[in-house]
Amino acid sequence: MRPIGWVDPDDAKAALAEGAKAGSLYKAGGIDLIDRLKEGLQEPGGPPLQLVNLRRPALEKELGQLRQEKGALLLGPLLTLSRLAADEQVVRQARALALAAGQAATPQVRAAATLGGNLCQRPRCWYLRSDLFHCRRKGGQHCFAIPGEHEQHAVFDNEVCAVVHPSATGCALLALGARLHLRSAGGERTVAIDDFFVSSAQDPTRENVLRAGELISEVRVTARAHSGYEKIVQKQSFDWPLAEAAVALELEGREVREARVVLGHAAPTPLRAKKAEQFLLGRALDSASAAEAARLAVGGATPLARNAYKLPLLEAAVKRALLSAVEGA
Amino acid sequence: VLRVLAVHDCGRPINRLTVASQINGGVIQGISFALHEQRILDRHTGNMLNADLEHYRIAGARDIPVIESILIERYLGRSNVDASGIGEPATVPTAAAVANAVHHALGVRLREAPLTPARILAALGRLPGGAR
Numbered sequence: 002m003r004p005i006g007w008v009d010p011d012d013a014k015a016a017l018a019e020g021a022k023a024g025s026l027y028k029a030g031g032i033d034l035i036d037r038l039k040e041g042l043q044e045p046g047g048p049p050l051q052l053v054n055l056r057r058p059a060l061e062k063e064l065g066q067l068r069q070e071k072g073a074l075l076l077g078p079l080l081t082l083s084r085l086a087a088d089e090q091v092v093r094q095a096r097a098l099a100l101a102a103g104q105a106a107t108p109q110v111r112a113a114a115t116l117g118g119n120l121c122q123r124p125r126c127w128y129l130r131s132d133l134f135h136c137r138r139k140g141g142q143h144c145f146a147i148p149g150e151h152e153q154h155a156v157f158d159n160e161v162c163a164v165v166h167p168s169a170t171g172c173a174l175l176a177l178g179a180r181l182h183l184r185s186a187g188g189e190r191t192v193a194i195d196d197f198f199v200s201s202a203q204d205p206t207r208e209n210v211l212r213a214g215e216l217i218s219e220v221r222v223t224a225r226a227h228s229g230y231e232k233i234v235q236k237q238s239f240d241w242p243l244a245e246a247a248v249a250l251e252l253e254g255r256e257v258r259e260a261r262v263v264l265g266h267a268a269p270t271p272l273r274a275k276k277a278e279q280f281l282l283g284r285a286l287d288s289a290s291a292a293e294a295a296r297l298a299v300g301g302a303t304p305l306a307r308n309a310y311k312l313p314l315l316e317a318a319v320k321r322a323l324l325s326a327v328e329g330a
Numbered sequence: 359v360l361r362v363l364a365v366h367d368c369g370r371p372i373n374r375l376t377v378a379s380q381i382n383g384g385v386i387q388g389i390s391f392a393l394h395e396q397r398i399l400d401r402h403t404g405n406m407l408n409a410d411l412e413h414y415r416i417a418g419a420r421d422i423p424v425i426e427s428i429l430i431e432r433y434l435g436r437s438n439v440d441a442s443g444i445g446e447p448a449t450v451p452t453a454a455a456v457a458n459a460v461h462h463a464l465g466v467r468l469r470e471a472p473l474t475p476a477r478i479l480a481a482l483g484r485l486p487g488g489a490r
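Just so you know, the sequences run in chain order A and B.
The first sequence lines up with residues 2 to 330 when you count with our numbering.
The second sequence lines up with residues 359 to 490 when you count with our numbering.
Hints are computed from structural coordinates only; laboratory data are not their basis.
Hints are supplied without guarantee of correctness; some may be wrong.
Unchecked claim - Covered by chain B, per the in silico footprint, the following chain A stretches (three or more residues, Cβ under 8 Å): (1) 22 to 34; (2) 223 to 236; (3) 288 to 298.
Claimed, not checked - A short list of chain B residues far from chain A (calculated; beta carbon distances all over 12 Å): (4) His366; (5) Arg370; (6) Leu399; (7) Ala409; (8) Asp410; (9) Glu412; (10) His462; (11) Pro472.
The C-beta atom is built at its ideal place from N, Cα and C for all residues, glycine as well.
So here's chain A without its partners, still in its complex pose (with noise of 0.2 Å):
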């Protein structure tokens, strides 16, 4: 094994100085990362790589707070999942964001895993976690899951690359339509986060419009009263989803005003079920209109041979978001 640096900056700004050098990686809880360096995943044959220590109690006045400001949640992307989970404005104000958070990996994780980490973490697709396979997002020519075994792949954008995007928080800051700072040495920008995931059929080698050390610096999300987050997994705890979806609600009453519909693990993105959304506007949300919007929701799927099976769980997923969203309402 190679060796690789460690640098613990004392501030943002120097952590995003030494995130500009060529070979840096920012590190915060580590877990995607560890895994990615010990997979061979991390740029084989690049510069020598060093590990920018973002996990320091002197980042997290800047970059591990949480405030609220005009009607919105600021979160820093340091923020624990488990603090996420548990903390009451995230609850009241963003409750598909606690749900993610606290039904994720395992206490443990959650304790070490960080918002941004969680975020910019690389899909969990076994060609691309295995170096035997140089598959089309290592920059290779062939996806070897949509001939191979995709039993878990992706049910939509999965002509050119079959992954699913692994984040939960991600998925429901869709829902709930965030936006996120971002900053690098060199200035800062904000994005929507409808801008931020970038589709295998623009990109097949990314996942987000992350420049090399750019950073999320904050997550600003709109507070909302309905909202709501469902998974569907074979074990308990500790696995993978193998449907998601996170739903965000405007109503009048039980009028739907607006309406933003994601699923997850359906993708290589979180991705909006815009026909569902459509559906539900003017509609009282009940048992029914959930139900027909979460058909909607499926609809135009692409399943690969042994993976339709996603379908009927994603509905599900979303028909159960949608009804928990407005308990109480």
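Following the hints, put chain B in place on chain A, whose structure we already have.
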């Protein structure tokens, strides 16, 4: 799986606590075999794709039901202490018992372990058309 009642004949139990513990372990592995464990090989190269605990599902703490065990104490004098083995025997019938419970609940037989959501939906005829 919510509850398992395991009835076993291991002759004379020499230490009841360790016998119960052996049965618990066997039942847990049986449930894991029934519901989760599956080695996935790439059909073109034969490489194992899930040779890690991230992708190879194995029953974890939250997948374990209430397990009760009853010992049939039949003493036949087949050995000097009249005890026979327990451990693997607790694994053997468990997966079949889970499959029987699924049959009882759904009315359809599944003949292949693990009993995954995909196989259950297929057995119920709930798969969207076209795919097997």
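Status of the hints after comparison with the structure:
1. 22 to 34: Contact hint for the stretch 22 to 34 of chain A vs chain B: violated, 0 residues under 8 Å.
2. 223 to 236: Satisfied; 3 residues make the cut.
3. 288 to 298: violated (count 0)
4. His366: 26 Å, holds
5. Arg370: 37 Å, holds
6. Leu399: Leu399 (chain B) is in fact no farther than 12 Å from some Cβ atom of chain A, at 8 Å.
7. Ala409: 9 Å, violated
8. Asp410: Incorrect as stated: the minimum Cβ-Cβ distance to chain A is 8 Å, not above 12 Å.
9. Glu412: Non-interface label fails for Glu412 (chain B): nearest chain A Cβ at 7 Å, not farther than 12 Å.
10. His462: About 21 Å separates His462 (chain B) from the closest Cβ of chain A, which puts it past 12 Å; holds.
11. Pro472: 8 Å, violated
Violated hints, in rising order: 1, 3, 6, 7, 8, 9, 11; the structure is consistent with all others.
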